[in-house]
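**Student:** One letter stands for each residue in the lines below.
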Amino acid sequence: MLEVKNLHVKVGKHEILKGVNLKVNAGEVHSIMGPNGSGKSTLAQVLAGRETYEVTAGEVTYDGRNLLEMAPEDRAREGLFMAFQYPVEIAGVSSAYFLKAALNAIRKHRGLEELDAMDFLALVKEKIKLLATDERLLNRAVNEGFSGGEKKRNEIFQMAVLEPRLAILDETDSGLDIDALKIVANGVNALRSPGGAVIVVTHYQRILNYIIPDYVHVLVDGRIIKSGGKELALELEAKGYASFEAEARAGAPAKT
Amino acid sequence: MTTATTAIEALANREYQYGFVTEIEADAAPRGLNEDIIRLISAKKREPAWMLAWRLKAYRYWATLEKAQGEPKWANIHYGPIDYQGIVYYSAPKPKQALNSLEEVDPELLKTFEKLGIPLEEQKRFTGVAVDAVFDSVSVATTFKEKLAELGIIFCAFSEAVQKHPELVRKYMGSVVPYTDNFFATLNAAVFTDGSFVYVPKGVRCPMELSTYFRINAADTGQFERTLIIAEPGSYVSYLEGCTAPKRDQNQLHAAVVELIALDDAEIKYSTIQNWYPGDKEGKGGIYNFVTKRGKALGRNAKISWTQVETGAAITWKYPGVILQGDHSIGEFYSVALTNNYQQADTGTKMIHIGKNTKSTIVAKGISAGHGQNTYRGLVKIGKGAVGARNYTQCDSLLLGDRCGAHTFPYIEVKTASAQMEHEASTSKIGEDQIFYCTQRGLTKEDAVNLIVNGFCKRVFRELPMEFAVEAQKLLSVSLEGSVG
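For the protein sequence lines, the chains are A and B, in the order given. Residue numbering for the first sequence follows the working numbering, beginning at 1 and increasing consecutively. Residue numbering for the second sequence follows the working numbering, beginning at 257 and increasing consecutively.
Please keep in mind that the hints were generated in silico from the structure rather than gathered at the bench. Keep in mind that the hints are not guaranteed to be accurate.
Stated by the list, open to error - Derived PhoX-like pairs (lysine-lysine); straight-line CA-CA distance at most 25 Å: (1) A:Lys10 - B:Lys420; (2) A:Lys108 - B:Lys701; (3) B:Lys420 - A:Lys108; (4) A:Lys5 - A:Lys230; (5) B:Lys637 - B:Lys671; (6) B:Lys458 - B:Lys420.
Note that this is a predicted model, so its numbers are computed, not measured.
Please work from the sequences and hints to get the whole structure.
**Tutor:** The following block contains the structure:
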């Protein structure tokens, strides 16, 4: 579904990603873990199409198409969703209006009929239960005055409504208490399907207790230095990133 | 450089869709301004002597102003000299016979208004709105007149009111905006040609929106309309004006005066959707919009509310205000002003509190894109006797790109210790992060900007009559088109 080959990315003069390789198949859940400043969020945002980053080398294909040539909205319409680390506030625009506009843009692209207000509301109410979210949130302006946890839950709620095929969670777990974490994990697990894939970008192993990944990748200094199964996350938690870095520097072969 | 900025820099303005010219034979006065021209205008309108005398008084005063200091210079706007002798002050489509019914209106004119989305044939109008259509210097048609007359409501061209209701015109004309008020209001008093007149009798709630549509067509012509609305005790009226003009390379002058009078327990709601030709993307051409609008909440519990959406004109200079004379009277001002390309707007309001426990609300939203310069200028004045007066002001600016400007000049004068004043202001930029958030959800950049701008203006749009709120949103998106790539 997604294939990243030798991806190099710069912001200004700084090279952040220094040759990332990643292959995600339909039905899989991947976790990308790494310390602060390792390039995790950059990878997520480049995949989603943020244009502040400059791709200097490498390629990314999504369903066989060159992802890097697609506009962010086209990626979204083709089923790529990113849950933001810092969801953005839009004053005066209700969450419901925003989400309906997004959903209909995606539906239109897929040749589906646009939903009217009634059908949309029915859909939304069903999804909102899933996330144990307050219905009143829909009438509030997008992310405005939301607590940190509400913002993150709102991202997962949007994801549930938009039903992406590839969901990228950019540190969705940061700042969540354990109850919210479980709710978010439930939302993600509900999305797991043979046709869909999820990339969970995180600092901590904690969320992986609830979203069990098929693969774990360790990203350090712009490179994936080690990949493995779900047990790698535990190993990482126990040993810390430093030992992996040392191992990588010592030239130990990274498992793939 | 972020993409949003580069995208915003890719300015490619969409064509102004109302820029067409109607080919119609006009009966026009020669260029220039002198007493003979004023006599000519007055004669063309077959005005009574008192009207001519008032015009001449205004003209003579204006001539002294022009000689002394010319136009007011305090506004934050820049433009070349206006040649007052190069303007045509009267232009009317021929033939200019008195019209008895809509069927007699020149089909070319009907077509023009149809093209502007203002069908004048009553059966085609969505019910609930009566329209007075003003083309250059004259009112060409007023719909639903008879239906309104059944309730005693007068809705007609200003020139018709001068003929048919001289007692009302004489009583109220100039009572809110005297002919000495300011340079442009004085000019208007001398040369005004047409406009709308509304009178709502005691206790009557006007059942439909009243609307005037102003269209400048002829070249080198100024439009100087004058509108007067009188709401008798306990009455209510909602009035809307819209305006467009053809695309021309020369700047054209529009200097209007609007006076509102609300008596005890009366309410006037006045909404404007201003879409004069703004000039091209290099800043060539466009309307100079110098307008004086003021309401007098004369009676106890009277309420006057201004809502304006200003998206057109090369220069906008207007401060719709309310004189809160009656005790417990209320004044409101809700404004969205958008400047794109090289447009300049210096706009705001004046709330003059005189009566006790008077209350005013100001919500002003300025949006600047391209090289647009947007200034909010507002005066809140609480007089000595205005015990318990309250004002709430909120003025917010939104910037798109990095070559536009937003400026705020709030003036507050309080002479009563018991007054309560609140002032909130903010300036924000549409962030690259906001746009990315929207595009990541499947919206295009343009949709993202429209969404963000509409959210920003929501508080004001809520005040517009429903049909027009939708129009205003569309207008805003068209006016912003090309400001993001």
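**Student:** All hints, please: hold or fail.
**Tutor:** Consistency of the hints with the structure:
Distance restraint check for A:Lys10 and B:Lys420: the Cα-Cα separation of roughly 76 Å exceeds the 25 Å cut-off, and the hinted pair is therefore not satisfied. A distance of roughly 17 Å separates the Cα atoms of A:Lys108 and B:Lys701; the hinted pair therefore holds under the 25 Å criterion. Proposed proximity of B:Lys420 and A:Lys108 is contradicted: the alpha carbons are some 57 Å apart, above 25 Å. Distance check on the hinted pair: A:Lys5 and A:Lys230 sit about 23 Å apart at the alpha-carbon level, within 25 Å; holds.
Of the pairs offered as hints, the one joining B:Lys637 and B:Lys671 holds, with about 8 Å between alpha carbons and a cut-off of 25 Å not exceeded. Restraint check for B:Lys458 and B:Lys420: satisfied, since their Cα atoms lie roughly 19 Å apart, inside the 25 Å limit.
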